[in-house]
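Novice: Sequence:
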Amino acid sequence: MQGNVNDHSAELQARFDEVDTTVLFEPMGFNNDPVYILPPTFRALPLGTPTWSIAGTINTISAKDLCLHASHRDVRFPLHLAILEGDLSVVKAMTEVRPELLSKDAMGCAIRSGHMHLVEYFVRLGLANRPPTNEDTTTYDCERSRDDPPEAWLDSAAVKNNLPLLQYLHQHEIGDATTLAMDAAIRHGNLDMVRFLHDQRTEGCTEYAWDDAVSSGHVDVLKFLFAHRTEGCSEGVLAGADFAAHPGLLTILLDQDNEPTIDAAYNVAVAGKLDLLQLLLTTRGEKGSLASWTDVAAQGHLHVLKWLANVHGKPGDLESSVPVASLDLVAYLHQVGNDLRHVAPQSLPVAEFLLQHGIDVFSNDQINAVVKAGHLDIVQFVQEKSPMSGVSKDAMDIAAGEGWFAIVKYLHTHRSEGCTTQALDDAAANGHLDVVQFLTDHRTEGCTTEALDMAATNGHLEIVQWLHHHTTAGCTKRAVTSAASNDHVEVVDFLARHRSEGGSKHVYSSPLAKANLTMVQCLHAYWPSMPVRIPDFELQEDSAVERRHATVFYWLLQQKAKLDVGRVLALAARFGHVDVVHYIMAERMATAHMVNKAVEVALNHNTVNVLQCIWTMGKEWVDTSARLRQGRLMVTEIEWACEFKGPYKALRDSLESEFDADELLEPVENEVDDDDDRASDQDMSDDDDDE
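Under UniProt numbering, the sequence shown has 267 at position 267, and the numbering climbs by one with no breaks.
Hints are computed from structural coordinates only; laboratory data are not their basis.
Quick caveat: nothing in here was measured; it's all calculated off a predicted structure.
Take these hints with a grain of salt, some might be off.
As a list, the in silico BS3-like pairs of lysine-lysine whose alpha-carbon atoms are at most 27 Å apart [stated by the list, open to error]: (1) LYS92 to LYS160; (2) LYS385 to LYS409; (3) LYS372 to LYS385; (4) LYS597 to LYS505.
Cβ pair distances, simulated, as ranges [to be verified]: (5) LYS560 to THR518: 35 to 45 Å; (6) LEU274 to GLY337: 16 to 26 Å; (7) ASP242 to GLY358: 32 to 42 Å; (8) HIS506 to ASP434: 30 to 40 Å.
Every residue, glycine too, gets a C-beta built ideally from N, C-alpha and C.
Based on the sequences and whatever the hints tell you, model everything.
Specialist: Shown next as structure tokens:
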């Protein structure tokens with residue numbers, strides 16, 4: 001084994017260093033599981049390692065997948081990451097060097113990762129039968145405290161859809177199972193696993209798993225369940241089943257379930273599945289409902305309409321507008337006496353049929369449906385054959401918004417209704433430059449500020465430029481703010497150079513959340529005195545840990561931008577941005593209160609590198625009393641932490657080299673906010689309104 005250790009000595013050292021220098025930890029929150037955060041510079045992990053990607057560059061690994069503590073960074077991380085990667089040689093070497101890292105949680109991690117070779121290795125070590133240790137108990141307590149106990153080991157194998165591993169665990173009597181095991185097997189559609197668990201185990205499953213089998217269309221699994229088990233489906237499962245996608249599903253459910261089938265009939269009717277309708281009629285006497293008539297017609301299912309009329313002895317009624325492109329369909333609707341005023345023609349033959357069969361004047365709704373679909377030929381037909389039809393301003397508004405330039409021009413030339421400002425507003429928002437130019441050149445309705453605002457929001461630079469030079473409505477602060485939010489730098493640049501509205505007080509929020517340095521630089525160049533409001537960073541949504549956030553904050557600090565230094569320091573402490581912390585401390589930009597807050601944040605998030613930086617840099621200028629308080633904060637956290645808290649020994653040595661150990665252990669008194677900090681907060685609120 002010693003040779004194995006020597007072969008991996010450099011790699012082992014690097015893996016242990018990862019915990020201290022590159023890997024960040026985000027504890028569990030109200031809506032998120034705890035995760036370990038791997039920066040973009042982290043080494044490549046083997047394909048298949050369960051990671052979640054943030055912004056395409058950062059990977060996170062769930063502490064639950066690693067079978068580690070939920071509330072703090074766990075010193076066992078290097079070993080459990082090697083287990084997650086499936087690297088047996090590294091696992092062997094690491095446990096030789098640091099045997100205290102090996103716990104029953106290592107077996108759980110191997111099982112959860114689906115690595116049979118590691119499970120077999122740990123079984124040979126006798127790990128499965130080892131009595132629980134403090135670390136195992138603590139892990140269980142951490143999970144149990146959030147009403148989320150660790151998965152039973154057989155459950156983990158089933159969730160991974162790993163039947164050989166599940167069978168191995170069962171045969172060697174390793175671990176337990178719950179109903180989650182068979183539930184997972186059913187959800188995967190793994191009939192062999194379902195059969196094995198049914199034959200060899202007694203935990204069973206839940207009715208929700210049956211529902212999953214229905215929604216996923218696992219017909220073979222359902223057949224087995226109905227034949228051998230009794231849990232059954234929950235009420236209402238027929239109504240939500242996709243029988244069109246899984247035809248065999250209806251047959252088996254009808255054989256076993258006495259639930260009402262009217263909703264199922266509606267679904268298959270709208271899907272056009274005549275064979276399934278016939279099956280419902282044959283097995284249950286279910287005719288469906290004529291209430292589906294309008295929706296079936298809207299889908300163009302003529303054969304289903306005929307079937308419904310036949311089994312009910314009468315046709316249904318059209319209750320709302322129905323788009324119809326088929327001549328056969330409109331002819332049938334006319335034949336059975338449906339009101340053709342509800343037919344929105346989607347082809348010229350249908351429009352001609354309507355005119356020939358009593359529709360002398362087309363309604364406003366019919367015309368609008370034609371225009372929205374872009375049927376210029378029908379618009380021309382209506383104008384020539386039925387000029388008194390109900391054309392309104394809506395027609396040109398709709399055509400402009402949809403970008404149907406030819407229809408806009410035709411309506412302008414041949415009709416007198418005109419349009420509203422909505423036409424230009426929508427055309428600008430949707431990027432239809434040709435329509436925008438035509439409307440501004442040939443019509444007088446104009447637009448509202450919505451036109452320029454939305455063109456800027458959607459990044460339509462040419463339209464923004466055109467509207468600025470050819471209209472007078474202008475824009476609001478939303479134009480710059482939304483353009484900045486959507487990363488349209490060229491639009492922001494144009495608006496800043498040519499207009500005076502500026503952005504709202506939240507203009508920096510999205511660029512900061514996305515760490516868009518180019519946009520931040522653009523905003524600061526034009527509005528250097530505007531306060532920089534820092535948004536709330538949510539790890540899963542905004543990837544605030546990405547290294548380029550540090551670059552953005554570092555740049556803003558260098559520019560002496562008007563921002564809340566205390567908030568920046570706290571964020572840097574939270575996410576381990578040592579260079580930002582170093583700059584703030586070196587430039588003495590923070591008050592002692594801000595530094596104390598940053599210490600608390602760093603302690604909560606286990607960014608030891610930040611704590612070391614704060615302690616080292618503060619030696620030059622933080623007064624002794626404030627420094628002692630910071631030291632006490634750190635020591636208090638270290639004292640109360642679990643034995644697997646993390647690499648705090650070097651930090652504590654630094655603290656005790658400056659202060660007596662007994663002094664550091666004295667209680668920390670509550671602190672009153674500094675006036676400077678309150679003034680900083682006030683600065684952030686003294687800003688203009690959004691509009």
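Novice: With reference to the structure, classify each hint as holding or not holding.
Specialist: So, going through the hints one by one against the coordinates:
1. Pair hint LYS92 plus LYS160 holds up; C-alpha atoms about 24 Å apart against a cutoff of 27 Å.
2. Among the hinted pairs, LYS385 with LYS409 is consistent with the structure: their alpha-carbon atoms are about 19 Å apart, no more than 27 Å.
3. For the given pair, LYS372 sits about 20 Å from LYS385 by alpha-carbon distance, which is consistent with the 27 Å threshold.
4. A threshold of 27 Å between alpha carbons decides the hint, and for LYS597 with LYS505 the separation of about 26 Å falls inside it, so the pair holds.
5. For the hinted restraint 35 to 45 Å between LYS560 and THR518, the CB-CB distance of approximately 20 Å leaves it violated.
6. Between LEU274 and GLY337 the beta carbons are some 23 Å apart, a value that agrees with the proposed interval 16 to 26 Å.
7. A C-beta distance of roughly 40 Å is found between ASP242 and GLY358, which places it inside the suggested range of 32 to 42 Å.
8. For the pair HIS506 and ASP434, the supplied restraint of 30 to 40 Å holds, since their beta-carbon distance comes to about 34 Å.
Checked against the numbered hints above, the structure breaks only hint 5 and satisfies the rest.
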